[in-house]
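A.B. asks: Using the hints provided, position chain B relative to the given structure of chain A.
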Amino acid sequence: MSEVLDHRRVAPDDGGYGGPAVVVRGLRRRFGERVVLDGIDLEIGRDEFVALLGRSGSGKSTLLRALAGLDPDYEGSCLVPDARSVVFQEPRLLPWRRVLQNVVLGLPRGAHARRQGTDALTEVGLADHAGAWPATLSGGEAQRVALARALVREPALLLLDEPFGALDALTRLKMHALLADLCRRHRPAVLLVTHDVDEAIALADRVLVLDGGNLAVDRRVDLDRPRDRTAPGFASLRQELLAALGVEP
Amino acid sequence: MTVVDAPGAAVLAPPGAAAPALPPDLTLREAWPQRSRRRRRVLPRGVRRLVGPLLLVAAWYALTASGTIDARTLAPPTDVVRAGADLWAEGELQAHLLASLRRASVGLGIGVTLGIALATITGLLRVADDLLDPAVQVLRAVPVLGLLPLVIIWFGIGEAPKLALVAIGTAFPVYVNTHAGIRGVDAKLVEAATTFGLRRAALIRHVVLPGAVPGFLVGLRFALTGAWLIMIVAEQINAKTGIGFLMNEARAWFRTDIIVLGLAIYGVLGLVTDGIVRLLERALLSWRRGFTGA
Chain A
18 MSEVLDHRRV
28 APDDGGYGGP
38 AVVVRGLRRR
48 FGERVVLDGI
58 DLEIGRDEFV
68 ALLGRSGSGK
78 STLLRALAGL
88 DPDYEGSCLV
98 PDARSVVFQE
108 PRLLPWRRVL
118 QNVVLGLPRG
128 AHARRQGTDA
138 LTEVGLADHA
148 GAWPATLSGG
158 EAQRVALARA
168 LVREPALLLL
178 DEPFGALDAL
188 TRLKMHALLA
198 DLCRRHRPAV
208 LLVTHDVDEA
218 IALADRVLVL
228 DGGNLAVDRR
238 VDLDRPRDRT
248 APGFASLRQE
258 LLAALGVEP
Chain B
4 MTVVDAPGAA
14 VLAPPGAAAP
24 ALPPDLTLRE
34 AWPQRSRRRR
44 RVLPRGVRRL
54 VGPLLLVAAW
64 YALTASGTID
74 ARTLAPPTDV
84 VRAGADLWAE
94 GELQAHLLAS
104 LRRASVGLGI
114 GVTLGIALAT
124 ITGLLRVADD
134 LLDPAVQVLR
144 AVPVLGLLPL
154 VIIWFGIGEA
164 PKLALVAIGT
174 AFPVYVNTHA
184 GIRGVDAKLV
194 EAATTFGLRR
204 AALIRHVVLP
214 GAVPGFLVGL
224 RFALTGAWLI
234 MIVAEQINAK
244 TGIGFLMNEA
254 RAWFRTDIIV
264 LGLAIYGVLG
274 LVTDGIVRLL
284 ERALLSWRRG
294 FTGA
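Just so you know, the sequences run in chain order A and B. Residue 106 in our numbering sits at position 89 of the first sequence, and the numbers go up by one each step. Residue 255 in our numbering sits at position 252 of the second sequence, and the numbers go up by one each step.
Only chain A is shown next, with the shape it has when bound in the complex (with noise of 0.2 Å):
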């Protein structure tokens, strides 16, 4: 299990706690004799988005894995924050609970509960399916749920596993529109795990690329929002980022 940043042990002198979201030193996951994470460090600021690429197997989703607290085998140190919420490749609603029960599903039950997942869901444009069954959803009204359920937890860290990747072109554009809104109103800290460059840069701070273990390219993304396509800047960390995947053009 993560351990839980202690805000003493990071930052010791400040009272309002300005440090990292997430610390993670020296990182090392095997999966038999195969090493995957080959000592990772990485920070990610208190509201900053990260977008992490890396060819398919590469162990994007055992790192998200590790920082989310879903993998008991990790060597090194990960320190994350209590308050996280994870949003999977698949919406995994529960499909015995109406929508607005898998929004407030774990907080305390109540009206206060109630308020503050009708709220989420109006936020993600749901609000009118709060009662509907989640399988007569389509696939990307799920996936809202899916992030309406991760932003009522008001999560200091937001871990997101390919959340677009079973999503036609059209309705991925539209989300990551809502995901760049979401994200400027909560300022939660957010890895994004993506094989999809375009995502990656149209989305987030930093990028960073995973090979072999290790983060080959770790790089800020310097453009202006919203950020476009046909801008230069755009295309050459494109082929940049692309040629690091061992992609060429």
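Worth flagging that the hints you see were computed from the coordinates, not collected in a lab. If you're wondering where the values come from, they're calculated on a predicted model, not measured in any experiment. Idealized CB from N, CA, C, for every residue including glycine. The reader is advised that the hints may include incorrect statements.
[What the hints assert, rightly or not] Partner residues are not named here, just some residues of chain B that face chain A (Cβ under 10 Å, in silico):
id, residue
1, Glu194
2, Thr198
3, Leu201
[Stated by the list, open to error] Calculated Cβ distances over 10 Å to all of chain A for the following chain B residues:
id, residue
4, Asp28
5, Ser69
6, Val154
7, Ile240
8, Ala255
C.D. replies: Then chain B, alone, in the frame of chain A:
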């Protein structure tokens, strides 16, 4: 309608190569012919479902009333109805029916509770599963009615052995299917729920048990069928009440009308309990969007 030419059909051919000739005729047909598209129902669904049983009774009447089948072999439906009306008027039918219903529901209640409890323990705890499940599987292979002599020795000849048989016979199907239901709950859902801070008790309540409900209902169906089957046998041994006793007594007097009446009552009870499970399914599984038939 025929299509003579399909533009763009040669796109895949290598550049420069001549496109292969298209067959001159292509017949097009409506994807779903108009006349067989969903029509308005002539009969409501409930009425349609009655047609089968009614045809069965009609055939029975035709065969017995015409004398093709002798009344001593199988009484015609009219005699069965008369026998039922007579027994009802004497107040006997109600008493026997009540006794049977009581046995079935008490035995079923015990069996279902046992089955759920055992399945929950073995479904949730690996240790309990390793210790108990093999034993349960071995016991399950023993035919319930084979236990009859043993049950009589253990519980005597009163109500207890009948309840015990029904309870044993219903506990197993509920156990097996509920256990499978719990084990079949999607691990991804459990994982997602843990990331939202759900701990053991809440996980069981919100994720594991609701996910096992479909399996449990399958088990309950089997249990209900089994309960009536066991009742028929149990009530013919050392009983003074119940539909089975009524039939057994009728046998001594060659009253096939009463025997068939008993069988019909068992049949109706089976249908009614099946209907109750259907209602339960509709209430508990309303979140599922299954195929309901054309």
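A.B. asks: Could you tell me which of the numbered hints above are not met by this structure, giving the numbers in increasing order?
C.D. replies: Of the numbered hints, all hold.
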